[in-house]
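Peer 1: When the count follows the working numbering, it moves up by one through the sequence shown with no breaks and lands on 370 for the last residue.
Everything labelled a hint here was simulated from the structure, so no lab data went into it. Computed from a prediction, not measured in an experiment: that's the story for all the values here. A virtual CB, placed ideally from N, CA and C, is assigned to each residue, including glycine. Some hints here could point you the wrong way.
[Said to hold, decoys possible] Think about it this way: if two alpha-carbon atoms lie no more than 30 Å apart in a straight line, the pair counts; the simulated DSS-like pairs of lysine-lysine are:
1) K229 <-> K190
2) K210 <-> K171
3) K67 <-> K88
4) K210 <-> K229
5) K28 <-> K67
6) K171 <-> K190
7) K88 <-> K71
8) K190 <-> K210
9) K190 <-> K246
10) K246 <-> K229
11) K28 <-> K88
12) K210 <-> K246
13) K238 <-> K210
14) K171 <-> K246
15) K88 <-> K171
16) K238 <-> K171
17) K229 <-> K171
[Said to hold, decoys possible] Now the in silico label distances, taken between C-beta atoms and shown as ranges:
18) M12 <-> V69: 18 to 28 Å
19) A62 <-> L21: 27 to 37 Å
20) A293 <-> A29: 31 to 41 Å
21) M12 <-> R222: 48 to 58 Å
22) E319 <-> K171: 50 to 60 Å
23) M12 <-> E96: 50 to 60 Å
24) D252 <-> H344: 49 to 59 Å
25) A51 <-> H344: 33 to 43 Å
26) G363 <-> R64: 55 to 65 Å
27) E111 <-> E249: 33 to 43 Å
28) G292 <-> G178: 17 to 27 Å
29) P23 <-> D327: 25 to 35 Å
30) A320 <-> R110: 38 to 48 Å
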Amino acid sequence: MIPEGTRFLLPPEARLKAELIGRLRELFLRHGYEPVELPALESYDPSHPLAQRAFKLVDKTGEVLALRSEFTTLLAKLLRPHLGEGVHRFQYAGPLWLREADAELGRLREYTQVGLELIGATGPLADAEVLHLAFAALEALGLEGVVEVGLPSLVGEVLKASGLPEGAQQEAQRAIHRKNLPELEALLGRYPLPPEARKTLLALPDLYGEREVLEEAKGLPLPERAKRALADLEKTLEVLDRPVLLDLGMARRYEYYSGIFFRAYTPGFGLPLLGGGRYDGALLPQAAGFALGVERALEALRPPQKEEAPEVLALDLKALRRFAGERRVELFHGEDPVGYAQRRGIPFLAQGERLWRVG
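Construct the entire structure; sequences and hints are all you get.
Peer 2: This is the structure:
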């Protein structure tokens, strides 16, 4: 038996998983994102956002290590000494591990992500590039994409200007993110807030929908920094020129997001397939990116239950070499090639240079 939260994939699904990863890596490469390879082990850092859920182990020197639990933090730490001036584009792919998984990860403790990071560029054009690639990634997998865009910094700036104590700000942030208006109203009722701050905070959970949501938000009494963030978001959407859903009450749990945050869905599948955003200043001076969950994409695609049969059953190595460059070929081992081909649905037999249809 394999450990809980891990998977063993047989050929139909394992092959599809490899194909999906290959499509994404090729897409990112065509857009200038060069691959990097990260270690599976890193030094344990108690301040890491997933530190409490990471697999930990101790090496022979006594150093506490952790299995890689997400890519962005580790990649930023490793890249800092190597980055010069200008714009850099990187992509990555590989497994991640969490000691305690959650429903958002499908209860998996080992899972695979493919992602990218755009470093050294900021502003609406850079954000639009990353959002464009999020749409393109889903299209490369054959999935229709619905992208939700939020602005956690908007919620943060409103809370900072509200006059709420720090602990109450965190409670309010959680209530806004969950769109729990009764909880938010009860919390705000315990503090003497200015009427304008109360009005804005109570409006945030309902700021969800299409572009008209921006106009609603701009009509609220907002701090200056929040107004500038909204203006940048509006420019980003103009450059992107694709329909998105806005969730301006999104208050992501990772504190390092400084600008937009987004996640993408596909119709008929209720869980997000990818997520990312902008994190200027937190890990790197200017950076944005996203990661796609490969297992989640496999579920959304509902892979075929039957293994795809090869086109040709080769009866010798010469035939295998001759036809494998043109078709999917399998070398036969056994005594009844015709019966085997008929049972598997293989249409052709080959021997040497000869190719003929079964039956």
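Peer 1: What hint numbers does the structure not satisfy?
Peer 2: The structure conflicts with no hint, since it agrees with every one listed earlier.
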